[in-house]
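Sequences listed follow chains Y and F, in order. Under the numbering used here, residues 1 to 122 are what the first sequence spells out, in order. Under the numbering used here, residues 1 to 403 are what the second sequence spells out, in order.
Check each hint, because a few of them may be wrong.
Unchecked claim - With a Cα cut of at most 27 Å, we get these calculated DSSO-like pairs of lysine-lysine: (1) Y:LYS100 / F:LYS340; (2) Y:LYS100 / Y:LYS41; (3) F:LYS340 / F:LYS381; (4) Y:LYS90 / F:LYS381; (5) F:LYS340 / Y:LYS36; (6) Y:LYS36 / Y:LYS69; (7) Y:LYS36 / Y:LYS70; (8) F:LYS390 / Y:LYS90; (9) Y:LYS69 / Y:LYS90; (10) Y:LYS91 / F:LYS177; (11) Y:LYS36 / Y:LYS90; (12) Y:LYS91 / Y:LYS69; (13) Y:LYS41 / Y:LYS70; (14) Y:LYS100 / Y:LYS90; (15) Y:LYS90 / F:LYS203; (16) F:LYS340 / F:LYS390; (17) F:LYS390 / Y:LYS91; (18) Y:LYS91 / F:LYS202.
To be verified - Not everything, but these chain F residues come out facing chain Y in the computed CB check (under 10 Å): (19) CYS94; (20) GLU96; (21) GLN111; (22) GLU128; (23) GLU292; (24) LEU325; (25) ILE334; (26) LEU335; (27) THR380.
To be clear, the hints were calculated from the coordinates, so they are not data collected in a lab. Computed from a predicted model, the values in this text were never measured in an experiment. All C-beta atoms in this analysis are idealised placements derived from N, C-alpha and C, irrespective of residue type, glycine included.
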Amino acid sequence: MSKTILIIDDSPSVRQVAAIALRGAGYEVVDAVDGKAALGKLDGRRYHLIITDVNMPVMDGITFIREAKKLPNYRFTPIMVLTTESDERKKELGREAGAKAWLVKPFQPAQLLQAVAKLIMP
Amino acid sequence: MVNSTVIPSQTLPAWGWISAVIGLVGGVVVEVISGFSLQGGIAGLVLVALGGMAGLWSNRQFIAALAAAHQRGWDESQTKNDNSGTVADLERICLEVLPILARQVETSRSQTEEAITSLVARFSAIVEQLQQVILTSQSSVGHLTDTLHGDQSGGFARSEQRLLGVVNNLGTTLASKGRMLNEVRQLTGQMEVLNTMAVDVKKVADHTNLLALNAAIEAARAGNHGGGFGVVADEVRRLSRQSGETGRNMGQQVGILQTAVATVVSSAEEAAAQENRMMTAAEETIRTVLSEFRTTTGRLADSAKELRQVGSHIGDEISDVLVALQFQDRTSQILAVVGKNLTALRDQVQAHASAREQGGSVSAINVQEWLAHMELGYSTKEQYRDHHNKISQPPDNTDITFF
């Protein structure tokens with residue numbers, strides 16, 4: 001059974017590029033346009049990994065991570081940040097919120113898949 | 001604007017008059033002290049003249065200073081008026097231009113985003129179709145490879161075996177017919193034996209007839225005593241003639257049979273030879289067709305493999321293009337911040353203009369604070385570099401941090 005990944009980004013192109021890379025590697029992909037929409041998809045479905053952008057309208061990525069970590073079903077779901085932000089203070093905010101990795105865009109699909117494989121529990 | 005400087009009237013100030021009066025008084029005092037002598041008079045006139053000259057010089061100095069002061073005051077007033085007009089113009093330009101720039105930036109951002117999103121969607125569809133083609137091709141190539149190089153249960157080998165089995169069955173049938181033909185040939189030999197036997201029967205009949213004739217002659221010579229024997233001899237002669245006739249008929253029938261069998265054997269041999277040639281040709285044809293089919297399927301497999309490789313290469317290229325198209329996300333964020341800053345600047349100018357027009361106190365703008373506030377909205381390294389006017393560089397390679 002393939003593993004499912006939730007990807008959150010307000011940029012359709014980034015969502016599609018990431019989805020192509022992930023689906024090509026055999027993952028199932030569910031996507032959301034911002035943090036609030038993503039919280040609506042944390043409805044009991046199992047996600048093996050969540051990938052989120054930081055700067056998004058309605059609800060930013062850091063707030064989403066904090067809210068997701070409050071949900072018992074998703075407390076231990078690994079979350080990776082995929083963003084253009086490379087500022088160390090922002091990274092620290094992400095780490096404090098509960099992110100497990102921080103990948104700066106633009107990304108190489110191979111590197112994304114490598115990080116995903118490392119974060120997803122066997 | 002026309003310079004309409006008004007110079008004050010050239011009136012001698014009080015201290016100028018005092019200088020002249022002091023000179024005049026000094027001259028009178030010298031006249032009195034010198035007892036109105038000639039020298040005293042000259043000295044007094046000199047003092048009076050000096051006093052007057054001092055007064056005139058003072059007056060000119062005063063006028064010049066007054067004119068300069070007036071001019072300076074007028075200039076300051078004019079500068080103030082000019083600055084006020086310039087600031088108002090600047091404010092108007094900013095209030096008109098900044099929203100236009102903000103809208104144009106937003107239009108550029110949204111159009112780029114829309115176009116790139118559409119482009120990415122199309123490329124995504126191409127990638128998915130290519131992956132599907134590659135999968136199908138891989139499956140076909142695998143099937144063809146199995147067919148061409150698989151074990152005996154493989155499709156191609158099985159087909160070849162079946163077709164050659166048909167040829168072998170034909171060969172077996174022909175062999176069976178050949179054996180039957182040999183039997184018929186042997187029957188021809190038996191016919192010869194029968195013919196010889198028929199000839200022998202005729203010879204025996206002729207010989208018996210001759211003996212019966214001799215017996216009849218001897219019976220006639222014996223007279224009445226030989227009458228019965230003569231009847232027997234005649235009967236034997238009749239039988240021998242019949243036997244000879246039967247032997248002759250047998251020979252004729254065997255000859256007819258021999259001719260018929262020879263004809264059948266000849267036809268069968270010709271048919272067998274033709275069938276052998278046909279079977280050989282069929283086997284050759286089957287082998288040729290199978291060989292051509294093998295060559296064709298081999299080429300097809302090579303073509304499919306090449307198609308898969310090319311498709312895979314194109315897929316990689318498109319994936320690289322998709323990765324490159326991620327620039328849109330960065331430029332979109334940069335342009336969004338530019339638009340936001342233009343709007344904020346417009347609001348700042350509007351507040352400044354409103355305060356100035358209402359005659360209220362216009363608070364000074366803290367430029368450094370403004371710049372620092374702008375910097376807070378940045379998310380990419382390019383924005384920081386551009387903000388600090390450093391050499392623009394492409395985005396860094398992918399950076400990943402595990403916590």
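Against the structure, the hints come out as follows:
1. Y:LYS100 / F:LYS340: Between LYS100 (chain Y) and LYS340 (chain F) the Cα gap is close to 32 Å, so the pair fails against 27 Å, i.e. violated.
2. Y:LYS100 / Y:LYS41: The given pair, whose Cα atoms are some 20 Å apart, holds under the 27 Å limit.
3. F:LYS340 / F:LYS381: Since the Cα atoms of LYS340 (chain F) and LYS381 (chain F) sit roughly 18 Å apart, the hinted pair holds (cutoff 27 Å).
4. Y:LYS90 / F:LYS381: holds (13 Å)
5. F:LYS340 / Y:LYS36: Satisfied, since the Cα-Cα distance of roughly 23 Å is no more than 27 Å.
6. Y:LYS36 / Y:LYS69: With a Cα-Cα distance of about 14 Å, the restraint between LYS36 (chain Y) and LYS69 (chain Y) holds, given a limit of 27 Å.
7. Y:LYS36 / Y:LYS70: OK: LYS36 (chain Y) and LYS70 (chain Y) at ~14 Å, within 27 Å.
8. F:LYS390 / Y:LYS90: Holds, because 22 Å separates the two Cα atoms, which is no more than 27 Å.
9. Y:LYS69 / Y:LYS90: Since the Cα atoms of LYS69 (chain Y) and LYS90 (chain Y) sit roughly 18 Å apart, the hinted pair holds (cutoff 27 Å).
10. Y:LYS91 / F:LYS177: Distance ~93 Å between LYS91 (chain Y) and LYS177 (chain F) Cα, so the pair is violated.
11. Y:LYS36 / Y:LYS90: The given pair, whose Cα atoms are some 20 Å apart, holds under the 27 Å limit.
12. Y:LYS91 / Y:LYS69: holds (17 Å)
13. Y:LYS41 / Y:LYS70: holds (15 Å)
14. Y:LYS100 / Y:LYS90: Answer holds: LYS100 (chain Y) to LYS90 (chain Y) is near 14 Å, not above 27 Å.
15. Y:LYS90 / F:LYS203: violated (134 Å)
16. F:LYS340 / F:LYS390: Holds, because 22 Å separates the two Cα atoms, which is no more than 27 Å.
17. F:LYS390 / Y:LYS91: Holds - the C-alpha atoms of LYS91 (chain Y) and LYS390 (chain F) are around 24 Å apart, at most 27 Å.
18. Y:LYS91 / F:LYS202: Since the Cα atoms of LYS91 (chain Y) and LYS202 (chain F) sit roughly 130 Å apart, the hinted pair is violated (cutoff 27 Å).
19. CYS94: At about 28 Å, which exceeds the 10 Å cut-off, the nearest Cβ of chain Y leaves the hint on CYS94 (chain F) violated.
20. GLU96: violated (28 Å)
21. GLN111: Not OK, violated: GLN111 (chain F) not within 10 Å of chain Y, min 14 Å.
22. GLU128: Status holds, d = 8 Å.
23. GLU292: violated (39 Å)
24. LEU325: holds (6 Å)
25. ILE334: holds (9 Å)
26. LEU335: violated (13 Å)
27. THR380: holds (5 Å)
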